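Engineer: One-letter residues, chain by chain:
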Amino acid sequence: MLNNKLLLILMLGFSLISPANANSDLPVLSGVGGNFTAVDMYNKPMQLNDYKGKVVILGFGYTNCADVCPFTLGYLKQLYEQLPKFAQDKLQIMFVTVDPEYDTPEHLNQFITHFNPNFVGLTGSRAQIDHIVQLFKARYTQIGGDVDVENVRRVIHKKTTSAAEDKVRLYNHSVTLYLIDQDGETRHIGYTGTPKKEFTANILSLLEAPIKTENFRIKKNSKNARSSAAYGEITNLSDTQDVLLSVSSSIAKKTELHETQIIDGFAKMVHQPNHRFKPGQVLTLKPMSYHIMFMGLHKPISDLSFVDVILKFKHAGDIPIRIDLER
Amino acid sequence: MLRYLCLLLCSFGLYSTSVNALVEYNPIHQKYQQVKNYAKTINQVATVVMGYYADLLKHQSSYAGNYPKNIKALQIIGAELSEVSNDSEPQSQTTFTLTAQLSYLEQQKLKTQQIQEAFIFKLNQNGALNQVERLQQAPNAKIVDFEFNANHYLNRQFAYSWLLLLDGHNAAHLNMFDDSNANYQIVIGANRFSGHAREALEKRKNWMGSGGHLLRSVNVIKALDNNLQLELIIDWKGIATNNKWRIAKIKQVIDIQKSDQAIYKITNINEQHLLPDIAPWEKILC
Chain B
1 MLNNKLLLIL
11 MLGFSLISPA
21 NANSDLPVLS
31 GVGGNFTAVD
41 MYNKPMQLND
51 YKGKVVILGF
61 GYTNCADVCP
71 FTLGYLKQLY
81 EQLPKFAQDK
91 LQIMFVTVDP
101 EYDTPEHLNQ
111 FITHFNPNFV
121 GLTGSRAQID
131 HIVQLFKARY
141 TQIGGDVDVE
151 NVRRVIHKKT
161 TSAAEDKVRL
171 YNHSVTLYLI
181 DQDGETRHIG
191 YTGTPKKEFT
201 ANILSLLEAP
211 IKTENFRIKK
221 NSKNARSSAA
231 YGEITNLSDT
241 QDVLLSVSSS
251 IAKKTELHET
261 QIIDGFAKMV
271 HQPNHRFKPG
281 QVLTLKPMSY
291 HIMFMGLHKP
301 ISDLSFVDVI
311 LKFKHAGDIP
321 IRIDLER
Chain S
1 MLRYLCLLLC
11 SFGLYSTSVN
21 ALVEYNPIHQ
31 KYQQVKNYAK
41 TINQVATVVM
51 GYYADLLKHQ
61 SSYAGNYPKN
71 IKALQIIGAE
81 LSEVSNDSEP
91 QSQTTFTLTA
101 QLSYLEQQKL
111 KTQQIQEAFI
121 FKLNQNGALN
131 QVERLQQAPN
141 AKIVDFEFNA
151 NHYLNRQFAY
161 SWLLLLDGHN
171 AAHLNMFDDS
181 NANYQIVIGA
191 NRFSGHAREA
201 LEKRKNWMGS
211 GGHLLRSVNV
221 IKALDNNLQL
231 ELIIDWKGIA
241 TNNKWRIAKI
251 KQVIDIQKSD
261 QAIYKITNIN
271 EQHLLPDIAP
281 WEKILC
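Protein chains in written order, with the working numbering: chain B, 1 to 327; chain S, 1 to 286.
Fair warning: there could be bad hints in the mix.
Distance condition first, Cα-Cα at most 25 Å in a straight line; then the derived PhoX-like pairs of lysine-lysine [claimed, not checked]:
hint, chain 1, residue 1, chain 2, residue 2
1, B, K212, B, K312
2, B, K196, S, K111
3, S, K205, B, K52
Rather than coming from a laboratory, the hints here were simulated on the basis of the structure. Here the structure is a predicted model, which means the values were calculated and not measured.
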């Protein structure tokens, strides 16, 4: 008997040898990026290789930046919040200061945490920062000399010991956000003008979706039918339990996960809200069992060639499926 | 337990079969073949055509009778490749149609002409030129700058044939240069390697994988006596050894000593990978 435990072992074996981000069309940008060392906002030495296995978004800036940096971090905060939980868990956003003399780990921590405590700020020696800038083909230049702190509009004020210490420098710097894959290779670049939907899609393309859907089909029925059903398989590939919160489509008034149950000798279709998927679980949708039910069709299903359905999971987020109609 | 192990091993076996199938039918792999074929074809035909025009401008062409005498400069203003070679079709033929303007001296007067001609290649003959057909010819074109001379075309002939070598092709016309004593330094992000040209090329392949180089520009940085320094900007696309699609914008500075036999003797190659031009805003500073 092929029980669930064995199935999970088989699938984990599969995922272990499955090439990372195999579904992404994003090319590696040769010579852009690479491993580097820095000091993080917790005052600990780090290197990019510590984040292997995670997708990284890396950008440059500094805490006294009055315009593009707060805007960029606000953009990244929104981008991060739009991602499903599983993607948030596998993403690290990094902000590298171009002003390491001013941006101490403590000050960077205060600045970054203001936007999102899951982001990480990086500083280090000037040589370390210049090396990172060079690796990513970025640029920065200082504008003029030191400026009195009261003349600078900024997000967070530094806890300084004396006014004399709080002289600030202003910089021009690259606005590029580098999307780095789990192997530390740069796969795309974006900036605050990149539509969030596009950036999100690029991030997700690098991540293996924790929910796999396959063999989905819908039978064409009569023109007068007001409802229809879809069958296929849904597999939870992740190592955590997930919950199917809802199913939606634009072809019917209601789209739900149903199970056919025999109650008092009659077959009844029972709505299955918040269906739980254990790690490795495969749910087979088939006649007289689980199925996706379309109720109140807006037009005859026989007029369509495919149907787009979205499965909304608690952790995996939205999983789209395009279901072809059986001929 | 043994049964579980067998099933696990079977699943790996099945997986590896499906991966092999994926490699065969993978769209990335198909894209790779297209890029490789296109780069090979364009570099083969361009090498021949650049050499053809260099000979014409040096007044050493066997086709000179089809052109005005005493041509001083020739500028290509349009190019179209009709068909790309395909290794699975050994009889494939490619036509490279070029529109060019030329300036020539006739009775002490500078005259101009615009021509359009088709270079027909049989690619199974290692990129050999089969036929040249004149499609159009009209007098009174724009006067061509004299920098579009034989050296302009020789430098490009060298560049295109060098790209063929970078892609691992052996073509008959590769004997226009000699890299036997060349040093090659390569910087790809945090990775640096150097050595003798052919050895460095092997290491480079391990890093970059396989694909196609396309020439974007050739700039003469230095030309003094027989010493020449060229800067090539090249686009590259291909599959890296980790099976990922990869693109590069490459800058190569190549030091050359030209011999009397028009052999380009390469002494040094310095290669850097730049940020590929994929976004118009990428050089903006704020």
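Engineer: Run every hint past the structure and note whether it holds.
Structural biologist: Cross-check of the supplied hints:
no., hint, result
1, B:K212 with B:K312, "holds (13 Å)"
2, B:K196 with S:K111, "violated (58 Å)"
3, S:K205 with B:K52, "holds (24 Å)"
Taken one by one, the earlier hints fail for this structure only at number 2.
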